[in-house]
Amino acid sequence: MKTRRIVSIITKEYIHIFRDWRSLIIIILMPILMIILYGYAITFDIKNLTFAVIDDAKTPESRELIRGFTENRFFVLKYMDIKRGEIEPLFKKRFIQMVIVIPKDFSESLISNRVTKVQLLVDAADSNVGTFIYNYSNRVIQLYNEKINFKTPGIVNLKPRILYNPDMKSVNFFVPGLVALILLLISALLTSIAITREKETGTLEQILVSPVHPIEIIGGKVIPYITLGLLNGTIILLFARFLFKVPINGSLFLIAALALLYIFVALSFGLMISASVKTQLVAMLETLMSTVLPTIMLSGLIFPVASMPLPLRIISKAIPATHFLIIIRGIMLKGVGFWELWQHAAALSAIGFVLLFIATKRFKMTLE
Amino acid sequence: METDIAVKASKLSRHFGTFTAVDEISFEVKKGEIFGFLGANGAGKTTAIKMLCGLIKPTSGEAYVAGYNINTDSSMVKKHIGYMSQKFSLYEDLTVKENIEFYGGIYGLSRKEIFEKTKKLLSELHLEKMRDSLTKALPLGWKQRLALSTALLHDPSIIFLDEPTGGVDPISRKNFWRIIYEIANQGKTVFVTTHYMDEAEYCNRLSVMFKGKIIEIGTPTELKNKYNKPSIQDVFIELVTRN
Chain A
1 MKTRRIVSII
11 TKEYIHIFRD
21 WRSLIIIILM
31 PILMIILYGY
41 AITFDIKNLT
51 FAVIDDAKTP
61 ESRELIRGFT
71 ENRFFVLKYM
81 DIKRGEIEPL
91 FKKRFIQMVI
101 VIPKDFSESL
111 ISNRVTKVQL
121 LVDAADSNVG
131 TFIYNYSNRV
141 IQLYNEKINF
151 KTPGIVNLKP
161 RILYNPDMKS
171 VNFFVPGLVA
181 LILLLISALL
191 TSIAITREKE
201 TGTLEQILVS
211 PVHPIEIIGG
221 KVIPYITLGL
231 LNGTIILLFA
241 RFLFKVPING
251 SLFLIAALAL
261 LYIFVALSFG
271 LMISASVKTQ
281 LVAMLETLMS
291 TVLPTIMLSG
301 LIFPVASMPL
311 PLRIISKAIP
321 ATHFLIIIRG
331 IMLKGVGFWE
341 LWQHAAALSA
351 IGFVLLFIAT
361 KRFKMTLE
Chain B
1 METDIAVKAS
11 KLSRHFGTFT
21 AVDEISFEVK
31 KGEIFGFLGA
41 NGAGKTTAIK
51 MLCGLIKPTS
61 GEAYVAGYNI
71 NTDSSMVKKH
81 IGYMSQKFSL
91 YEDLTVKENI
101 EFYGGIYGLS
111 RKEIFEKTKK
121 LLSELHLEKM
131 RDSLTKALPL
141 GWKQRLALST
151 ALLHDPSIIF
161 LDEPTGGVDP
171 ISRKNFWRII
181 YEIANQGKTV
191 FVTTHYMDEA
201 EYCNRLSVMF
211 KGKIIEIGTP
221 TELKNKYNKP
231 SIQDVFIELV
241 TRN
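Chains A and B are the protein sequences, given in the same order. Note that the numbering used here gives residue 203 to position 203 of the first sequence, counting from 1, and the numbers run on in steps of one. Note that the numbering used here gives residue 2 to position 2 of the second sequence, counting from 1, and the numbers run on in steps of one.
For reference, chain A alone in the conformation it holds in the complex (with noise of 0.2 Å):
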């Protein structure tokens, strides 16, 4: 008896999905405008910062320095020998981020004293960038003063080796978390309008006058949305893989086995926001709000969990996506397996039923 009504609600809603064949295709189309969009939206990676440079010395060691910074693809020489009066307004500008001033003895100082001075001024007012020049530059320092002097004596050298992210691309950092964000999205929406919209067209009245107990409409609501999440994961891992070049150094089936059981927790959370609200259009507003802030602000897509303050950290631990993402991440980045996950998988079971034990109460509380 019980199949038999589950089945019957599975069935109607597949063919309310497959009927409706244009919002069929944006329900595909969407995640992949959404990963291609944030995907090359999102960076860190920071390229092409202009420079002026003040030579005084105009020395072949000074010239040999300034081609240390244009050698590669971070910096971009924009102006050469301007007035010391003209570094304010270049930078007030944004014409340029950084100014290097080499003094008139630079030579002299570093043959004589084998010390000498070079200045550098740096536009920290976004914090990365500054730093990211700042630190930039003292390589360059570095891999010059090896050049010009190998024999110096006694200085420690740092040979760092980056570890599952080598070419520390931001967009293997990204990618994963879009899928984070994306998945629960696409999937709260899809089931907090699949309830709403009965609820405005009188249907779901005539459902609950049946003997079909509140399990059951969820039931038959949840399943045929899984796989539309699954169809959607799966394309998402497709572009993400081939399009931005993502390495999957994990095993995909643990991919896809942790990936079901996060759409399950986004899918209880669009059914309890739908239990509660009464139009689609509030549905939808409700479930952007409440998915798409604290994924991105709190969940550790951008902003490292660690470095919140605790009330916040504790917070984020309620966030389901800050648990998939530790998951999506450690499986693309650094192949691991479920003995490494297995506590974020169970604080997602976790969250997906107290999420589930909330809308079947709600439902129980009928209509009004």
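Keep in mind that a hint or two might mislead.
Keeping only pairs whose Cα atoms sit at most 25 Å apart, straight-line, the calculated SDA-like set for lysine to any residue is [what the hints assert, rightly or not]: (1) K129/B / I15/A; (2) K57/B / I215/A; (3) K47/A / L333/A; (4) K79/B / H213/A; (5) K129/B / T11/A; (6) K87/B / P214/A; (7) K119/B / V7/A.
To be clear, the hints were calculated from the coordinates, so they are not data collected in a lab. Since the model is a prediction, treat every value here as computed from it, not as a measurement.
Since chain A is already given, all that's left is putting chain B on it; use the hints.
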């Protein structure tokens, strides 16, 4: 227990905040009766019917529907009733056949039962040709008859109709009442709300609701004699002006 009472309400009330939508109504409906709830919009008819169907919980009071308490046994109530709202709750993007199959399914009918019922229903409604067209393509009067038929799929002993003829032309309304009589003749109890006075005349027994209360109850003839008026419309106006 075998009684001839299909619905029995005692002091049934429902408040929404400080507003009292239904105020201690008590009545009995006999099996096989066509029982009407007459009242203006906002008189509390829909709230009353939703409580009896288990869609809304009463604030106080109790009611028995088909012998089951609506407060404690609502799932048994739901098995024995059919309900059709003023919105004709069919899925417009499903075909006629798919709608019938869906509603049959959620009442737990077997595949075979659904197949047979669908066939029977479609021929009764002369909808065989429309079987695979989308429900939204049907004229309103047909949609309404289809909605009624789907509400009867699981063979309920009581059927609740909440303003079933709203927005439908007079001829379709007449046809619809013909079907209501057929249903009652099969021994089913029909509980119908309306604000059409001519429809009120068709009921076996009638209760008049005003501001959440039942202010009069009886057969249409009794009411007309009591107030010495030629029609229910006049009785209703008399009652409303008095209160």
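| field | Those earlier numbered hints the structure runs against, lowest number first | value | none
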